[in-house]
Amino acid sequence: MIEGLHLFVDIVSWILLIIGSICVLIGGIGVLRMPDFYSRLHAASLTDTMATLALLSGMILQAGFSLAAAKLFAIMLFLLLTGPTATYALANSALLSGYKPKTDVLEKKVS
Amino acid sequence: MKLFEFLGYYNYWVFAVLLMIGFYAVIAKANLIKKLIGLSLFQSAVFLMYISMDKVEGGTAPIIKPDAVDQLYSNPLPQVLILTAIVVGVSTLALGLAIVVRIKERYGTIEENEILDAD
Amino acid sequence: MTIIFAIFLLTMLVITAVAIVQSSNLFVSVMLTSIFSLLMSINFFVLDAADVALTEAAVGAGITTVIFLSALALTATQEKPNSSGRGIALVVVGLTASLIIYATFDKPRLGDPNAPVHQHVAPYYLDNTMEQMGFPNVVTAVLSSYRGYDTLGEVFVVFAACIGVLFILDARTGTGPMYVARQMTGLRHHLIPQVVARILVPFIVLFGLYVQFHGEYGPGGGFQAGAIIATAFILYALIEGEQAALRAVPRSAQLGLVICGALLFGMVGVLCMIMGGEFLDYSVLMENPVTARQIGIIVIEAGVGMAVCGAMLSIFHAFAARSAGDTHETV
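Protein chains in written order, with numbering that gives the first Met the number 0: chain A, 0 to 110; chain B, 0 to 118; chain C, 0 to 330.
Extracted from the complex, chain A is given alone in its bound form (with noise of 0.2 Å):
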């Protein structure tokens, strides 16, 4: 019954993580692909958050009940909170200096 425990914990946190990894490289696709700042931005953004929660989850899984699995969610509750507002800043101070977004993509294939 431990043993069957042991094993399932295993197979989610191992599931997680590859998630997580997933989740990185689509981040990092969307940053190179993309054509406007603002997309690239969001789609950097998603590495912030859902990496974040996948990786971590995954390796406090992986932790167990000690010391390094407290650790490792203070990190996790951190990046999430400062992540985010990063992205914010960032893109506030975009739209500020006048950087508009681009909309006329779609525009030319609708007509």
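If you are wondering where the hints come from, they were derived from the structure by calculation, not from laboratory data. Hints are all accurate, no fakes.
Once the Cα atoms are required to be at most 25 Å apart in a straight line, the calculated DMTMM-like pairs of lysine to aspartate or glutamate come out as:
id: 1; chain 1: C; residue 1: K106; chain 2: B; residue 2: E56
id: 2; chain 1: B; residue 1: K34; chain 2: B; residue 2: D116
id: 3; chain 1: B; residue 1: K103; chain 2: B; residue 2: D118
id: 4; chain 1: B; residue 1: K64; chain 2: C; residue 2: D111
id: 5; chain 1: C; residue 1: K79; chain 2: B; residue 2: E111
id: 6; chain 1: C; residue 1: K106; chain 2: B; residue 2: E4
id: 7; chain 1: A; residue 1: K101; chain 2: A; residue 2: D35
id: 8; chain 1: C; residue 1: K79; chain 2: B; residue 2: D118
id: 9; chain 1: C; residue 1: K79; chain 2: B; residue 2: D116
id: 10; chain 1: A; residue 1: K70; chain 2: A; residue 2: D47
id: 11; chain 1: B; residue 1: K103; chain 2: B; residue 2: E113
id: 12; chain 1: B; residue 1: K64; chain 2: C; residue 2: E130
id: 13; chain 1: B; residue 1: K34; chain 2: B; residue 2: D118
id: 14; chain 1: B; residue 1: K64; chain 2: C; residue 2: E215
id: 15; chain 1: A; residue 1: K101; chain 2: A; residue 2: D47
id: 16; chain 1: C; residue 1: K79; chain 2: B; residue 2: E113
id: 17; chain 1: B; residue 1: K34; chain 2: B; residue 2: E111
id: 18; chain 1: B; residue 1: K103; chain 2: C; residue 2: D169
Quick look at which bits of chain B chain C covers, simulated, 3 or more residues with Cβ under 8 Å:
id: 19; region: 45-55
id: 20; region: 81-95
id: 21; region: 99-105
Beta carbons: idealized from backbone N, C-alpha and C, even for Gly.
Start from chain A and add chains B and C according to the hints.
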């Protein structure tokens, strides 16, 4: 050669390449701030060489665990030297940037050839 | 597995360095330098240097970027293209790089336990730290006690650099015409960063104090703690504006921190001489030499932390006040 030996030499080759990239920025670029950035790259490459000298195969960070006998530890001495060097590096960088700010106010430009022409 | 990670990190370092030198926008170069420092600190951690990784992350990726950005705000952000002298520079650089690579074939392989660097002094430090000092972190023991002179010199170098920057950038204490005129308001539309920063600043200071006092049992110490606490106050200054930050930590307090830190370090050494030992020999401070060494090291690390924190804050405020002042005398 084996993979671990290749990794050992790779550390030193990357050190040589980074050293030369920083040095190139110092001698070939005319902008004063670019030169300072190149200087900080040069310093970081030297740190890399010192720290890669201290690794012992199978060792761990030099914080002694009292209950583990027969444990190899990495060498603490280069780490102490580099700790000092990092803080001194940032202090001299701040001083250099202050001088660049004053040069800009005095001459109106931070390109080296224009400063030499204006003198 | 670690080998692949290490090779990947080193390759990323080279790519980032080339991008730093090639880009003509200085703002991009400074941001890439911050990423370079972060990659370097991860590399240090892979090579088993935990204290150095913490210092590089706090000082290199944090303070250096802020100082560069405040200097960039006072000078230009675009570099003019210049192509004279590039050929000779490339030839010299290529020649020197191949010479250095040829020389590295003589070095002992990475991680060899029989290399000369591991033979003479390092085993003495590793064996005798627990019984002479009583705490596990060997790097802190060597930094504060076995090699205390180097740390004393370094505190004085930081002090001298701080005084030098204050002289060059002409920062005066007290009020003058350039402090009353402009009202630095910080960011515009800044509600979200303001709320988040107000939550974070006390926790960053708490973490800095933890790193300071825990430096004997884990990675940490005075330098990292000073840089982290200075970062907390710089974050406050960036969000709330320079006037509010100067009300919180006035110029006299910043200078006082630097001076008291350096004096504390020197005074501990002199006190050791007065009590009968040599300069910076802590074992004469109390009855039990192990406890005496621990007390001496705690006081010294506090001095180092205060000096580094005050120096970084003074340098940042000197740069920030320069851009707020309207008087530029061509002296």
